Amino acid sequence: MAATIESLLHRPDVWRGGDRHATTPTLASGHRELDAALPGGGWPLQALTEICHARPGLGELSLMLPAFARAMSDERWLLFVSAPHRPYAPALAAAGIDLERFAHLRCATTEQALWAAEQALRSGVCGAVALWLGQSDANALRRLQLAAEAGHSLAVLYRPLAHAEQASPAALRLAIEGEQLRIVKCRGALGEIGRFVLRRSPQGVSVHAEAASARVLPFVRAR
Amino acid sequence: MLWLALQFPRLALDTRPGAEAQSEPLAIIEAQGARRIVVTANAAARAQGVRAGQVLGAAQALCAGLKTEARRPKDEDAAMQNLALWALGYSAQVARHGEHALLVEIGASCRLFGNERKLLQAIATDLEREAHACAAGVAATPAAARLFAQAGIGRIVRDTDALREIVAPLALIHGDLPVGTCEALAAVGVRTYGALLRLPRAEVARRFGQIVPDHLDTLLGRRADVIVPMRIAERFHQRLEWPYAITSSSALLFPARRLLMAAAHWLVACQRSTTRLRFAFAHEDHPDTVIDLGLGQASADREHLVAVARARLERLALPQGCIALTLELTETQALDAPSRDLFVRHGEAPEDAQQLLDRLQGRLGDTAVERFAVQADHRPERASRPDAATTSRKDRDARVAPAEARIPPRPMFLLPQPTPIGQWPSFDWRKARLSLPERIESGWWDEADATRDYYRIDQIDGARLWVFRNRQAPHDWFVQGIYA
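Chains as they are written, first to last, in the working numbering: chain A, 7 to 229; chain B, 9 to 492.
I should point out that these hints are in silico values taken from the structure, not numbers from a laboratory. Some clues are possibly wrong.
[As the list claims (entries may be wrong)] A short, non-exhaustive set of chain A residues, derived as facing chain B with CB atoms under 8 Å:
1. Glu66
2. Ser79
3. Trp83
4. Pro93
5. Tyr94
6. Pro96
7. Ala100
8. Gly102
9. Leu105
10. Arg112
11. Ala122
12. Leu152
13. Ala156
14. Gly184
15. Ala215
Because the structure is a prediction, the values reported are computed rather than measured. From the three backbone atoms N, C-alpha and C, an ideal C-beta is built for every residue, glycine too.
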C-alpha cells in the first residue's frame, strides 16, 4: 500500500500543497522577486504555464522573453503559435532571441494551433513554445499539458483574462490585469507573496512584489 | 567478389496487397502454350497442396474453391525495378536476372557493415518490412549464388575452389541450365552437378551442346559471367493503379507510402535528394488532383518524406474517388552526404528542427510558417523582414543584424497596417501617458518615404502601444505596434 501511494506521489500531475521545491525542473524567470515566490525558483519545465491577460500589450510577452532566450540554449528553437499579431524581429533580437531559431506558425483554426503546439512540444526540438488561444475546452488543455510533460520545454499558453477563473490543468497559472500580476495557481506551496506589480522598463518589464502594506490586509491572499 | 542472389518466387502475390494472407485460396496463373500453369499460390492455396508449376487442372482438383488471377507482368516488372533500386542502396553493382531475381555484389559493401552477416541482416530486415518472400544465396560467383538461392543453401562460400564440392549434391534443375537440357541429362541418369562434373568435358559438349560446359565454368568461376548492371531512370516518375476507387485520404496513405519508398530508394541509388515532389491523384471522370509538396531542406530520408506526405494527405479533400496515384520528384539535387548515412538514420535519430517545420508546413499550409530576419532599415515596417522558411542556413548566416543599441525599445508585435488611433478599441487620450518622441525620417530615396514622430503611449489599463504621427499631418495618430 505504501509503495502504491509513493508511486502515486511521484506522478507529475500529483502534487502536495506543503512542498516548496518543485517536482519538475524549472527555468529561472529572470525576475528575482518572482523567482523567490515560484516553487522551484522559476518557470516549470515539463509543464504548462498559463498566462491570462486582459488584453495584448500589458507586458505579458516581455515577462517571458528572458526565459525564452535562456530556453534556446543547446541549439533549441522558440516557436510562437498563432500569436495575435505578427512578431517584430528587432524587438525579439534585442531581447536576445536568435532569429535563426525562431518561427511563428499562423494557424487558421484553434484545432490547428493546438495540433501544431502539441507537435512542437513533443518533438523535443523546441526549448520554448508559446501558444495563443481564445476559446478552448478543458480536454484540449489537458492534451497540451501532457505534451508539455513529454518534452523538456517551456510551454506557455496565453489566454484572455476571462478564463482565469475557470479550471485549467496548467501547472502554473498567472493573471495579468493592468499592472498587477497575480499567481492564480501553482504546484506546491506558494512563497509569501502571490501578487506583484509589473513595471515597464526600457529593457521590457520588471516584476516587484506588491508593497508591504498591501500584504497585511486580512483578505488579500493568493488563490 | 561475393555475390548475393535474391529470388522473389512470390512476386506476383507480393504486388497484390493482402493477397498472400487472405483466407480464400488464390493462384496466379500464366498460359504456356495451350496449358495454364500455376505461377504462384497464396498461403491458403499452398496449404491445400497447390504448388508453382502445376497445371491449373491439377491445382483445381486439389483445391476446390481455388480462385485464379492472371499475372500482371507490368506490375511485377515495376516491383523488380524498385527492388533493384533498393538494392543499389547496399551496393554499386546490382543486376536483374531473369524475371524474379536480383544479383548484388556485396563483397565491397561488407566492410562498411563490419561483416557479411550484419549486411545480410540489414537486407533481411528491409525485405521483411516490405513483406517480400525471398530466397537468398551467397557465393563467389553469380551463377553459384543463384543456384544456392534456388536450392536453399544457406552457406556463404567465398572460395571458388570449395564450390566444386558443395555443388556436387545439388540437383541440376535448380541451376541455370534450360529445362530441356536437364531432362536430356536426366534421361542418361545425370541429375546432380556431381554426376555431371564426373563426365568427360568434350563428350558432354558434343552430346548436350557447348552450353553445358560453359555453364559449369561460370558456376565454378573459371569463366566470367556476363552481368549487365542495372540502369537507373533519369527522373523519378511512378504510377500506381488499383481496380476500385479510394475515397478516404487515410487509405490513400498506403499507395503514397509505397511510392515514397520507391522514390527514397531511387534517391539513394542516384545519390540525390529532393526538395519538391508532386502527387497526382487520378479520378474516373474529373481532372487529376495535383498537390505539390515543398520541403524546407532537401531530403532523401523516407520516413521524413512519409511524415510530410501524411501531414498533407490528412487535410486533403478529393472531389471523387481516386483510382491511380502518380508520384514525381519535380526537383532534385545532388546529395553531398554519404549514402550510408541515410540508411542508418531511419527512425532512430530524433527529429530535427527542419523536419518539424516541414511537417508543420505540410499540414498548416505553405505560408503558415513565418521566419524573420532583421534588416538594417530605419523604417519600422522594413526593419523586420519575413524570411522564407526555405532559405538555407548559409544564406541567413551571411546577414548580420545591425548593432543598434541606442535606439529606443521596439514593440514585440507590429501591426501589418498602421491603424488610426480612433479605431483602436478602448483608447482614451485622457488616460494616456506619452513618452518622448523618436523621429524617424528615412526612405526619401524610394517611394515609401517616412517622416514620422514615434511615441510610446501607456494607457491607464497598463497597455503600452507604439504610435506615430506623420509630420505632414500632425493630428492623425496611428497605432503601429504593441509592447506585449
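Going through the hints against the structure:
no., hint, in the structure
1, Glu66, "holds, 6 Å"
2, Ser79, "violated, 14 Å"
3, Trp83, "holds, 5 Å"
4, Pro93, "holds, 6 Å"
5, Tyr94, "holds, 4 Å"
6, Pro96, "holds, 5 Å"
7, Ala100, "holds, 7 Å"
8, Gly102, "violated, 12 Å"
9, Leu105, "holds, 5 Å"
10, Arg112, "holds, 5 Å"
11, Ala122, "holds, 5 Å"
12, Leu152, "violated, 18 Å"
13, Ala156, "violated, 13 Å"
14, Gly184, "holds, 4 Å"
15, Ala215, "violated, 18 Å"
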